[in-house]
Amino acid sequence: MRTRAAGGGWRGVIVPGWVACALWVLLCAAAPGAAAAATPAEIFSRANDAYEAEKYEEAASGYARILNYGLLDPRVYYNLGNCYFKLGRLGAAILNYERALKLNPSDRETRDNIDLARGQIRDRVAETEVQYPIRALKRMLDAITFNAMTFAFLVFYQAAGGLVVVMLLARAAPRRRALGYGALAAGLCAALLAGALAYKVHDAATPLAIVMQDKADVRSGPAEDNTVLFTVHEGTIVEVHNHLEGWYQVSLPNALSGWIPEVAVEKV
Amino acid sequence: MMDLRARFPGSMAVLLALAAGAALADDAVVRAFLDRTEISAGEEITLSIEIAALSLDQAAPPDISRLEGFDVITGPSVSSRFQWINGRTSASRTYSYVLRPDGTGTLTIPALGVLVQGRTYRTRPITLTVNPPGTIRSPYAPPPVAGPQPGRSIPPSTPAPGTGRAAGAGADVRVRVEADARTVYVGQQVTVRFLLDTQTDILNLALKDNPTFPGFWAEEIKLPENLDMKRVQIGADSFVEYTLMKRALFPTSPGQQTIPPVTYQVQVRRRSSDPIESFFFTPTETVTRRSDPIAITVLPLPAESRPPGFSGAVGSFNVSLAADRTEARVNDAIGVKFRITGEGNLNAVTASPLPELNDFKQFAPKVNASTSLQADRFRGEKVWDYVLIPLAAGTQTIPPVAFTFFDPVARAYRTVRSEPVSIQVARGEGGVGPSLPSVSQSDVRLLRRDVHYLKLARGGLEDWSRPFHTSPVFMALILLPVVADLGAALYARRRDASTASTRLRRERRARRVARKRLNEARRRMSPATARAFYAAVAQALTGYVGDKFDASGAGLTHQRIEELLAAHGAPEEKRSAFHRCLEACDYARFAPSSSGPDEMRKALAAAEETLVGLERTLSA
Numbered sequence: 001m002r003t004r005a006a007g008g009g010w011r012g013v014i015v016p017g018w019v020a021c022a023l024w025v026l027l028c029a030a031a032p033g034a035a036a037a038a039t040p041a042e043i044f045s046r047a048n049d050a051y052e053a054e055k056y057e058e059a060a061s062g063y064a065r066i067l068n069y070g071l072l073d074p075r076v077y078y079n080l081g082n083c084y085f086k087l088g089r090l091g092a093a094i095l096n097y098e099r100a101l102k103l104n105p106s107d108r109e110t111r112d113n114i115d116l117a118r119g120q121i122r123d124r125v126a127e128t129e130v131q132y133p134i135r136a137l138k139r140m141l142d143a144i145t146f147n148a149m150t151f152a153f154l155v156f157y158q159a160a161g162g163l164v165v166v167m168l169l170a171r172a173a174p175r176r177r178a179l180g181y182g183a184l185a186a187g188l189c190a191a192l193l194a195g196a197l198a199y200k201v202h203d204a205a206t207p208l209a210i211v212m213q214d215k216a217d218v219r220s221g222p223a224e225d226n227t228v229l230f231t232v233h234e235g236t237i238v239e240v241h242n243h244l245e246g247w248y249q250v251s252l253p254n255a256l257s258g259w260i261p262e263v264a265v266e267k268v
Numbered sequence: 269m270m271d272l273r274a275r276f277p278g279s280m281a282v283l284l285a286l287a288a289g290a291a292l293a294d295d296a297v298v299r300a301f302l303d304r305t306e307i308s309a310g311e312e313i314t315l316s317i318e319i320a321a322l323s324l325d326q327a328a329p330p331d332i333s334r335l336e337g338f339d340v341i342t343g344p345s346v347s348s349r350f351q352w353i354n355g356r357t358s359a360s361r362t363y364s365y366v367l368r369p370d371g372t373g374t375l376t377i378p379a380l381g382v383l384v385q386g387r388t389y390r391t392r393p394i395t396l397t398v399n400p401p402g403t404i405r406s407p408y409a410p411p412p413v414a415g416p417q418p419g420r421s422i423p424p425s426t427p428a429p430g431t432g433r434a435a436g437a438g439a440d441v442r443v444r445v446e447a448d449a450r451t452v453y454v455g456q457q458v459t460v461r462f463l464l465d466t467q468t469d470i471l472n473l474a475l476k477d478n479p480t481f482p483g484f485w486a487e488e489i490k491l492p493e494n495l496d497m498k499r500v501q502i503g504a505d506s507f508v509e510y511t512l513m514k515r516a517l518f519p520t521s522p523g524q525q526t527i528p529p530v531t532y533q534v535q536v537r538r539r540s541s542d543p544i545e546s547f548f549f550t551p552t553e554t555v556t557r558r559s560d561p562i563a564i565t566v567l568p569l570p571a572e573s574r575p576p577g578f579s580g581a582v583g584s585f586n587v588s589l590a591a592d593r594t595e596a597r598v599n600d601a602i603g604v605k606f607r608i609t610g611e612g613n614l615n616a617v618t619a620s621p622l623p624e625l626n627d628f629k630q631f632a633p634k635v636n637a638s639t640s641l642q643a644d645r646f647r648g649e650k651v652w653d654y655v656l657i658p659l660a661a662g663t664q665t666i667p668p669v670a671f672t673f674f675d676p677v678a679r680a681y682r683t684v685r686s687e688p689v690s691i692q693v694a695r696g697e698g699g700v701g702p703s704l705p706s707v708s709q710s711d712v713r714l715l716r717r718d719v720h721y722l723k724l725a726r727g728g729l730e731d732w733s734r735p736f737h738t739s740p741v742f743m744a745l746i747l748l749p750v751v752a753d754l755g756a757a758l759y760a761r762r763r764d765a766s767t768a769s770t771r772l773r774r775e776r777r778a779r780r781v782a783r784k785r786l787n788e789a790r791r792r793m794s795p796a797t798a799r800a801f802y803a804a805v806a807q808a809l810t811g812y813v814g815d816k817f818d819a820s821g822a823g824l825t826h827q828r829i830e831e832l833l834a835a836h837g838a839p840e841e842k843r844s845a846f847h848r849c850l851e852a853c854d855y856a857r858f859a860p861s862s863s864g865p866d867e868m869r870k871a872l873a874a875a876e877e878t879l880v881g882l883e884r885t886l887s888a
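Protein sequences appear in the order of chains A and B. Residue numbers for the first sequence follow this note's numbering, beginning at 1 and rising by one. Residue numbers for the second sequence follow this note's numbering, beginning at 269 and rising by one.
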């Protein structure tokens, strides 16, 4: 009886809420010429103008609105990062640059800006040195967009598939052999490109978080009574491994790791 | 001592004194006394500390570090005395210090420690009253010193009226400091004069220690060989005033700065009541005089209005730019002088004022700086000597060169500019066609870093959160070749399977057909039907090959049969047997009369044998 009554009450609350939502949507749609009716492109150009006029707060709120629409364009994140950089909020700037990079890892300017912003934060974390050929390969892979890589992979993959079809249908043995080699070569290229694409996907999917507080303690376990292992400051990028009751297990590129309160960081 | 005497009477004391040694040194007596206990400010007193003991071998000078509020003028001077009275030895040593109190009022000379034979003895504190200047006459007269000491010559001054006082002329001498400004900007000049006012003759004077001016950059202003003298009236008294020292001071940091006191020792003529002394000697007295410290308020240069090209100079300056010629050829050297002159300190100006010029090659300048004084104001001149080499022909202009400084009078930053200088540059020697100047290249340097500019996204915004490789179309494109390959493989297999079965059927049929044809030949085995017999045998042979190898029977020549057999691995003797049979049949078909029943039977047997043999070899 009691549960039913509670259920009824719940529904009673929900319906007016739903109605209110619908009304709000209607009102928004019906308000002609209001600022809310602006298209994302308009908001974007207005925010750009505000940035130009050094009104960074205003510009930042404009970019944030576009993102709230669900239009996740890396360029908007990038511009938002620029606003926060100019406002001196390095943590928020790095967060937005990283978000832009996650969507479009090939953008050189975003990487430059991250480097610049990271050069101004308190923490300096020595990253493990990568050998030259691997470093060059990484840079090359980073410079290629997701879609270009996907396209190249598809070309070779489809070519390999097509050659196999032709080979299977051919009757004469020498022709079949030539087609077989061709299919093998195309298949190898496709496999390499698939590996590169997988690397990029994996790289972009690495769960990162940015420290947003001036100073945050990293502890040995997910509770306040654990030992403080080290302290990180605003803007430091950490890799997230686990999540447990309001705490993240994070690690730094130099292999230091520990638990940090959820509120101290923001996931990319 | 009293204790000793009381304890050991008579001759025992002698023995004891001789055997005394260190144990008896306990009884040292230390006392301190002043020559006077009441003086006027500026006068000196003598502090004597007497140590009396049986042996003074291990007596250290007194520790006067606790003596505060006094300047130690001289000392210690040491006098020792050794006595042997009634077989009893005693030694005493006196350390004397000449002191000058810093202030007035009641001062105390604290208990001073003296280390004798490893034990510390303390003197009694002494109280001293210092009266304001000129209130009492000092009964103390130092011993006269014969003749003036060498030093700066002082023009003899007639004693001013009212100086006819007997002794203690020191009271009529004072040293003071005058600064021309008490509130200045950083880098602005303060002229400080150290003055001596006196009412008596000054025989000699010396600085007690070199003056230092912390917080200032000090430049000495040279004084004339003979000190300037002038009469001044201070209150009711008339003084003769000498300028002892002048300094141009430039504050280096803002805030309250102090010009520290300066101490002079002045030797003055003392009037003596002894006519012989006054006649034969010059009775003198050395007094120490100290100036009062002066506080200077140093204002910082206004930061908010500071122009970007501010040079750091404070004062008032003019600039000029002059070239040694106005006509030159390409690659000739032109000397250009940039000169800054004016009142103020130019030492802080170090940057080369001439900017990099496009059409001139520029060498590092030679810099000459000089300073001068004009009416006690410090003037600076700095000249940059440039060598410019024009790189292109035509009228080249050295643009106006700006110099920005702070003007403390106007309390504002000012910028002065030189006149632009035009130079007519003609082509260099051999300059046919466009001249190719030798350009000195330099690396492009990053001056400052900033974030890259906004992304403008002119083509509109798009949602990048779902890249193509996550779309269903991509998955479909991945699966497409797999499906196509599988389909092709299935198709090819089915096709091959059907081909193989046709072949097998034909092969099986080949044997059956050949046997049927041979049976037919056997039925016609009579001379009347010899032609048909041989045709059937030949057809059995060729038809077998055709059926077996999936070739049409019509086009089968001997050569083609040979090829097919060879390709399918029939051995040589089988092939030749086959051909012999076939040839025999062909021959008999065209000459049937020549063959009898025996030949026919033989040919049939040979054909059967050949076919069986072939069948066996080809099936194996």
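Treat the hints with caution; some may be incorrect.
[To be verified] A short list of chain B residues far from chain A (calculated; beta carbon distances all over 12 Å):
| hint | residue |
| --- | --- |
| 1 | 358 |
| 2 | 381 |
| 3 | 494 |
| 4 | 520 |
| 5 | 749 |
| 6 | 757 |
| 7 | 764 |
| 8 | 767 |
[As the list claims (entries may be wrong)] Here are the simulated distance ranges between beta carbons:
| hint | chain 1 | residue 1 | chain 2 | residue 2 | range |
| --- | --- | --- | --- | --- | --- |
| 9 | B | 733 | A | 143 | 56 to 62 Å |
| 10 | B | 733 | A | 213 | 55 to 61 Å |
| 11 | B | 634 | A | 131 | 28 to 34 Å |
Calculated from the structure, these hints are not laboratory results. Cβ atoms here follow ideal geometry from the backbone N, Cα and C, with glycine treated the same way.
Hints versus structure:
1. Distance check for residue 358 of chain B against chain A: the nearest CB is about 75 Å away, which clears 12 Å, and the non-interface claim stands.
2. A cut-off of 12 Å between C-beta atoms confirms that residue 381 of chain B is not in contact with chain A; the least separation is 54 Å.
3. For residue 494 of chain B, the condition that its CB be more than 12 Å from all CB atoms of chain A holds, with the nearest at approximately 65 Å.
4. The claim that residue 520 of chain B is not at the interface with chain A holds, since no C-beta of that chain comes within 12 Å of its own (minimum 32 Å).
5. The Cβ of residue 749 of chain B does not lie farther than 12 Å from every Cβ of chain A; its closest approach is about 2 Å, which violates its non-interface assignment.
6. A beta-carbon of chain A comes within 12 Å of the beta-carbon of residue 757 of chain B; the shortest separation is about 5 Å.
7. With a cut of 12 Å on Cβ distances, residue 764 of chain B falls inside the contact zone with chain A, its closest approach being about 9 Å.
8. Against chain A, the non-interface label of residue 767 of chain B is violated: not every CB pair exceeds 12 Å, the least being about 9 Å.
9. Between residue 733 of chain B and residue 143 of chain A the beta carbons are some 21 Å apart, a value that contradicts the proposed interval 56 to 62 Å.
10. At roughly 27 Å, the beta-carbon separation of residue 733 of chain B and residue 213 of chain A lies outside the given 55 to 61 Å, and the hint is violated.
11. Checked against the given bound of 28 to 34 Å, the beta carbons of residue 634 of chain B and residue 131 of chain A, roughly 51 Å apart, lie outside it.
When held up to the earlier numbered hints, the structure conflicts with 5, 6, 7, 8, 9, 10, 11 and fits the remainder.
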